[in-house]
Amino acid sequence: MRIPLCFLLLILFITGCHPDRFFLNKKDENRIEGFIMSHDLETVEITADNEFVLYEDALVSLRTLGLTQLVADFTVTLINGEGLTFYFRTVQNGFPEQPYIKFDYTTDACKVSENERLIVSVDSIKAKPKAPARIKIMNDGKLINITVDCDTVFYGKTELIATEFVLIRPNQNSRALLSGIFFNDVISINQEIRESIIYENTRKGIKQK
Numbered sequence: 001m002r003i004p005l006c007f008l009l010l011i012l013f014i015t016g017c018h019p020d021r022f023f024l025n026k027k028d029e030n031r032i033e034g035f036i037m038s039h040d041l042e043t044v045e046i047t048a049d050n051e052f053v054l055y056e057d058a059l060v061s062l063r064t065l066g067l068t069q070l071v072a073d074f075t076v077t078l079i080n081g082e083g084l085t086f087y088f089r090t091v092q093n094g095f096p097e098q099p100y101i102k103f104d105y106t107t108d109a110c111k112v113s114e115n116e117r118l119i120v121s122v123d124s125i126k127a128k129p130k131a132p133a134r135i136k137i138m139n140d141g142k143l144i145n146i147t148v149d150c151d152t153v154f155y156g157k158t159e160l161i162a163t164e165f166v167l168i169r170p171n172q173n174s175r176a177l178l179s180g181i182f183f184n185d186v187i188s189i190n191q192e193i194r195e196s197i198i199y200e201n202t203r204k205g206i207k208q209k
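Residues in the sequence shown are numbered from 1 upward in steps of one, following our numbering.
Among the hints, erroneous ones may be present.
Quick list of the computed label-pair ranges, beta carbon to beta carbon [unchecked claim]:
{"hint": "1", "residue 1": "P96", "residue 2": "E159", "range": "31 to 41 angstroms"}
{"hint": "2", "residue 1": "D49", "residue 2": "S124", "range": "32 to 42 angstroms"}
{"hint": "3", "residue 1": "F23", "residue 2": "T68", "range": "18 to 28 angstroms"}
{"hint": "4", "residue 1": "P19", "residue 2": "S124", "range": "12 to 22 angstroms"}
Calculated directly from the structure, the hints in this document are not laboratory data. Note that this is a predicted model, so its numbers are computed, not measured. Glycine included, every Cβ here is placed at the ideal spot set by N, Cα and C.
Given only the sequences and the hints, what does the whole structure look like? Please build it.
Spelled out as structure tokens, the structure:
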């Protein structure tokens with residue numbers, strides 16, 4: 001199938017004017033907009049429709065437009081170095097002066113901080129070089145839930161407002177591959193869980209309150 005010339009020109013125009021922007025899951029409803037915030041654009045390498053590599057000094061921002069109540073789902077492989085940091089409940093413009101929740105995923109421990117005030121440190125959950133780990137960050141109203149594979153790093157409340165953005169930065173001398181990236185609507189997920197519970201209880205003859 002031939003692609004219209006005007007469409008090709010439009011793609012070239014958009015990417016040419018905004019080399020610091022990219023999109024993940026372009027053919028999916030779960031489309032994610034990325035923005036390279038680091039000065040050197042080559043610190044972020046897009047390697048597939050749903051994956052990219054972060055090099056030292058990289059800083060990238062991800063969002064699904066308008067989605068704040070979400071579960072941000074990543075598969076993270078630390079290629080080398082000590083780890084990387086996720087920032088959320090913050091905004092792209094004005095970072096790092098704006099408030100944020102910080103999640104450090106390192107080879108020493110997993111730590112969660114609010115505006116640099118340490119909330120929790122878990123040394124039993126840590127990054128393992130070259131071993132993929134599934135990381136989920138959930139915003140659900142005032143609730144935050146951070147998990148690595150099946151382990152909970154933190155579950156608790158914050159007064160910081162949920163935002164669209166998740167920012168990611170590798171530690172010094174670190175490099176990481178992020179793949180399987182999806183931002184899912186937490187309201188829809190909660191509804192699916194509730195419907196599943198109702199179905200199972202109905203099947204077992206348990207009445208709902």
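Do P19 and S124 keep their Cβ atoms within the hinted range of 12 to 22 angstroms?
About 41 angstroms separates the Cβ atoms of P19 and S124, which means 12 to 22 angstroms is violated.
For the hint 32 to 42 angstroms, verify it against the beta carbon of D49 and that of S124.
Holds, since D49 and S124 (Cβ atoms, about 35 angstroms apart) stay within the stated range.
Range hint compliance [Cβ, P96 to E159, 31 to 41 angstroms]
Once the Cβ atoms are compared, 19 angstroms apart, the range 31 to 41 angstroms for E159 and P96 is violated.
Could you tell me whether the CB distance from F23 to T68 stays inside 18 to 28 angstroms?
holds, 19 angstroms
The structure shown violates the earlier hints numbered 1 and 4.
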